[in-house]
Amino acid sequence: MTAPVLEVENLQKHFPIHKGLLRRQAGSVRAVDGVSFAVRAGETLGLVGESGCGKSTVGRAVLKLIDPTGGRILLDGEDVTELNAAGMWARRRRAQIVFQDPYSSLNPRLSAGAIVGEPLENYGLASGREKTNRVAKLFERVGLRADFMRKFPHEFSGGQRQRLGIARALSVGPALIVADEPVSALDVSVQAQVLNLLIDLQEELGLGYLFISHDLAVMRHISHRIAVMYLGRIVELADKRALFTRPLHPYTEALLSAAPIPDPTRQRKKLVLQGDVPSPANPPKGCHFHTRCPYAIARCKVEDPVLREALPGHQVACLRREAGPDALPLPA
Amino acid sequence: MQRNQPAPLLEVDNLHCHFFTLDGVVRAVDGVSFSLQRGETLGIVGESGCGKSVTAMSILRLLPKGLGRIVDGSVKLEGRELTTLGDADMRSMRGHQVSMIFQEPMTSLNPVLTVGLQIAENVERHLNVGRKAAMERAVEMLRLVKIPDAERRVNDYPHQFSGGMRQRVMIAIALSCNPQVLIADEPTTALDVTIQAQILDLMLELKQKLNTAIIMITHDLGVIAETAQRVLVMYAGRKVEEAPVVELFQRPLHPYTQGLMRARPRLDVEAEEQGRRPRLQEIQGMVPALNRPILGCAFAPRCGYATDRCRSEAPGLTEPVPGHLVACWEATKIAGMGHA
Ligand SMILES: Nc1ncnc2c1ncn2[C@@H]1O[C@H](COP(=O)(O)OP(=O)(O)OP(=O)(O)O)[C@@H](O)[C@H]1O
Ligand SMILES: Nc1ncnc2c1ncn2[C@@H]1O[C@H](COP(=O)(O)OP(=O)(O)OP(=O)(O)O)[C@@H](O)[C@H]1O
Ligand SMILES: [Mg+2]
Ligand SMILES: [Mg+2]
Numbered sequence: 016m017t018a019p020v021l022e023v024e025n026l027q028k029h030f031p032i033h034k035g036l037l038r039r040q041a042g043s044v045r046a047v048d049g050v051s052f053a054v055r056a057g058e059t060l061g062l063v064g065e066s067g068c069g070k071s072t073v074g075r076a077v078l079k080l081i082d083p084t085g086g087r088i089l090l091d092g093e094d095v096t097e098l099n100a101a102g103m104w105a106r107r108r109r110a111q112i113v114f115q116d117p118y119s120s121l122n123p124r125l126s127a128g129a130i131v132g133e134p135l136e137n138y139g140l141a142s143g144r145e146k147t148n149r150v151a152k153l154f155e156r157v158g159l160r161a162d163f164m165r166k167f168p169h170e171f172s173g174g175q176r177q178r179l180g181i182a183r184a185l186s187v188g189p190a191l192i193v194a195d196e197p198v199s200a201l202d203v204s205v206q207a208q209v210l211n212l213l214i215d216l217q218e219e220l221g222l223g224y225l226f227i228s229h230d231l232a233v234m235r236h237i238s239h240r241i242a243v244m245y246l247g248r249i250v251e252l253a254d255k256r257a258l259f260t261r262p263l264h265p266y267t268e269a270l271l272s273a274a275p276i277p278d279p280t281r282q283r284k285k286l287v288l289q290g291d292v293p294s295p296a297n298p299p300k301g302c303h304f305h306t307r308c309p310y311a312i313a314r315c316k317v318e319d320p321v322l323r324e325a326l327p328g329h330q331v332a333c334l335r336r337e338a339g340p341d342a343l344p345l346p347a
Numbered sequence: 091m092q093r094n095q096p097a098p099l100l101e102v103d104n105l106h107c108h109f110f111t112l113d114g115v116v117r118a119v120d121g122v123s124f125s126l127q128r129g130e131t132l133g134i135v136g137e138s139g140c141g142k143s144v145t146a147m148s149i150l151r152l153l154p155k156g157l158g159r160i161v162d163g164s165v166k167l168e169g170r171e172l173t174t175l176g177d178a179d180m181r182s183m184r185g186h187q188v189s190m191i192f193q194e195p196m197t198s199l200n201p202v203l204t205v206g207l208q209i210a211e212n213v214e215r216h217l218n219v220g221r222k223a224a225m226e227r228a229v230e231m232l233r234l235v236k237i238p239d240a241e242r243r244v245n246d247y248p249h250q251f252s253g254g255m256r257q258r259v260m261i262a263i264a265l266s267c268n269p270q271v272l273i274a275d276e277p278t279t280a281l282d283v284t285i286q287a288q289i290l291d292l293m294l295e296l297k298q299k300l301n302t303a304i305i306m307i308t309h310d311l312g313v314i315a316e317t318a319q320r321v322l323v324m325y326a327g328r329k330v331e332e333a334p335v336v337e338l339f340q341r342p343l344h345p346y347t348q349g350l351m352r353a354r355p356r357l358d359v360e361a362e363e364q365g366r367r368p369r370l371q372e373i374q375g376m377v378p379a380l381n382r383p384i385l386g387c388a389f390a391p392r393c394g395y396a397t398d399r400c401r402s403e404a405p406g407l408t409e410p411v412p413g414h415l416v417a418c419w420e421a422t423k424i425a426g427m428g429h430a
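First to last, the protein sequences are chains A and B.
Those letters in the first sequence? Residues 16 to 347, per our numbering, in order.
Those letters in the second sequence? Residues 91 to 430, per our numbering, in order.
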């Protein structure tokens with residue numbers, strides 16, 4: 016196995032909650048609450064989970080686009096936890112991000128060509144004609160016409176803008192790409208092109224991807240391993256085959272059952288999750304999932320499950336899995 | 091399809107929308123027609139940039155002023171022409187009779203107003219209620235779209251929400267006044283599948299309770315399969331296919347639609363082949379530029395079935411199978427070949 020390009024240990028990010036006229040701090044949102052994982056060169060680690068569970072916060076915190084509250088981050092084997100902004104800027108050439116919302120991450124006053132060429136110029140990698148040529152190649156790679164270089168962001172459709180973001184991230188030759196829903200704005204044919212492109216680039220350049228997506232079919236296609244998050248924590252982490260064929264966490268099971276199936280004649284059996292989504296400002300005691308878990312027993316309400324290996328390479332944080340990986344009986 | 095049916099709620103006829111840019115006139119929507127019945131969900135799919143959002147925006151007359159404009163065609167709601175409606179009438183229609191969930195929640199939400207106020211403003215404007223009642227409605231709506239801790243979160247600003255939560259705020263605004271027509275532009279793309287399922291159920295409920303008609307624009311063929319009764323496929327500003335949902339999935343006739351169906355990664359089979367991820371089937375090539383006249387069928391340069399005629403003459407819509415419209419010279423041949 017190759018060396019990890021990213022290692023994260025017990026990462027935490029808490030956002031303060033302010034209340035009242037004086038905006039006094041009245042608590043905090045535990046957006047990320049102790050998350051550990053590694054991404055190896057050439058590997059895609061998929062990150063899935065409920066909307067608001069902290070995936071984007073993880074993605075931003077590992078690149079230190081926001082300051083983590085606690086934990087350790089190693090990029091290319093180097094501890095960057097304590098680095099300042101200038102130090103981080105230099106490292107970020109090797110670790111790029113593609114955002115979820117392509118529009119707000121593109122400077123509306125720059126032409127598309129300038130947007131993609133900007134990092135090349137900033138990091139002193141190319142300028143003048145050489146830069147223009149490389150930008151044109153990048154445009155072609157991500158499926159944009161070279162004559163689009165003169166256009167401005169507002170002239171592009173949502174999907175076209177997302178491709179600009181990918182081209183810009185690729186321009187500086189990173190080792191790690193954090194991709195936050197990079198294909199969710201794309202139609203399936205462009206999505207196929209971009210996924211093929213991301214896989215080609217990964218195999219060619221040994222890129223590591225931390226890939227965030229809600230689309231389980233996309234996840235199953237591109238990931239090697241998948242981490243499932245719920246309310247700030249990883250509740251299951253496994254090889255994708257194991258995760259899809261034998262999910263061990265009750266939340267994962269519910270998630271897989273809710274995926275829409277592109278066949279109008281088929282009725283899917285959804286395990287509809289009961290109960291409200293708890294707030295990360297005030298997470299339930301014990302297992303965060305117990306309020307909605309059909310298998311919860313009394314212990315789950317008081318005891319915090321830790322992520323442990325239930326099968327080789329298959330980690331799960333569930334007290335009821337201490338008994339083993341077999342089907343869980345519903346509580347009496 | 092519309093035979094023996096009541097007059098449609100919404101009727102879009104031969105809609106043309108152009109953008110006037112330095113690079114020339116962009117024909118974003120180039121003669122699109124469709125209709126929508128009460129309580130019906132019409133799915134719209136198509137290549138990124140093919141004009142889905144522009145079609146939606148022009149129904150609400152929200153194209154950027156001075157840049158984009160409806161140049162031809164008509165949009166009728168209950169027989170009333172919207173393209174020539176006065177601005178004031180249009181404003182009272184928007185967010186009320188017809189409302190829209192926008193594709194990009196961050197750019198459509200006001201960053202300096204709390205989300206509660208943004209929902210309340212819409213409610214106040216259209217339902218004639220005071221601030222207090224409107225704020226209560228805002229909390230109720232946030233709860234409905236599954237935002238935890240709704241009483242506290244109404245006072246938060248958009249940047250304090252996750253991507254998917256912002257999208258749910260947009261959904262809350264759009265649903266807050268019980269619209270007759272709901273235009274949902276990628277409403278659940280940023281949501282996880284469990285919340286997506288809940289939101290789709292919520293829309294279904296609205297439909298059953300109030301007979302709301304829905305235009306569902308999405309790239310997710312799974313969402314289309316689960317929500318739409320009829321599907322319209324667009325390519326390069328035009329409608330290239332329209333059929334009832336089961337028919338479209340079982341017998342896609344347009345080569346572009348067939349390409350779409352094949353390009354999707356599969357959820358139900360193992361993607362790995364001998365330890366390697368297989369390639370997805372792309373549709374080769376790119377969409378044509380919309381600022382130059384397109385000769386013949388816009389899809390011809392990427393199409394495996396294309397003939398000389400396709401490259402020189404644009405196909406009109408035909409109905410090779412009853413209720414199934416397609417714009418393709420080779421459609422009859424393709425229909426005869428069965429499912430590709
Ligand atoms: N700047 C901020 N201030 C306060 N709270 C925040 C901030 N950014 C994020 N949060 C909160 O942190 C939690 C996690 O947000 P995050 O954006 O990481 O979710 P996510 O998993 O990416 O969700 P989605 O799938 O919807 O994009 C949410 O409860 C969100 O409201
Ligand atoms: N303000 C604008 N100025 C110039 N061209 C524009 C403008 N807005 C949109 N367009 C063009 O109109 C066409 C249709 O855009 P539209 O946003 O409707 O695409 P779409 O089908 O919604 O795509 P997506 O699936 O990516 O959201 C695109 O080719 C786009 O480049
Ligand atoms: Mg996110
Ligand atoms: Mg769009």
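Keep in mind that the hints were calculated from the coordinates and are not lab data.
Note that CB positions come from ideal geometry on N, CA and C, so glycine has one too.
Do not rely on the hints blindly, as some may be mistaken.
Using 27 Å as the maximum straight-line C-alpha spacing, the simulated BS3-like pairs for lysine-lysine come out as follows [unchecked claim]:
| # | chain 1 | residue 1 | chain 2 | residue 2 |
| --- | --- | --- | --- | --- |
| 1 | A | 285 | B | 299 |
| 2 | A | 166 | B | 155 |
| 3 | A | 34 | B | 155 |
Which bits of chain A does chain B cover? Going by a derived footprint, with three or more residues having C-beta under 8 Å, they are [stated by the list, open to error]:
| # | segment |
| --- | --- |
| 4 | 73 to 85 |
| 5 | 133 to 144 |
| 6 | 201 to 208 |
| 7 | 231 to 239 |
| 8 | 270 to 279 |
Partner residues are not named here, just some residues of chain A that face chain B (Cβ under 7 Å, in silico) [what the hints assert, rightly or not]:
| # | residue |
| --- | --- |
| 9 | 175 |
| 10 | 211 |
| 11 | 214 |
| 12 | 216 |
| 13 | 285 |
| 14 | 288 |
| 15 | 291 |
| 16 | 293 |
| 17 | 294 |
Of the hints given before, which are not true for this structure? 3, 4, 5 and 12
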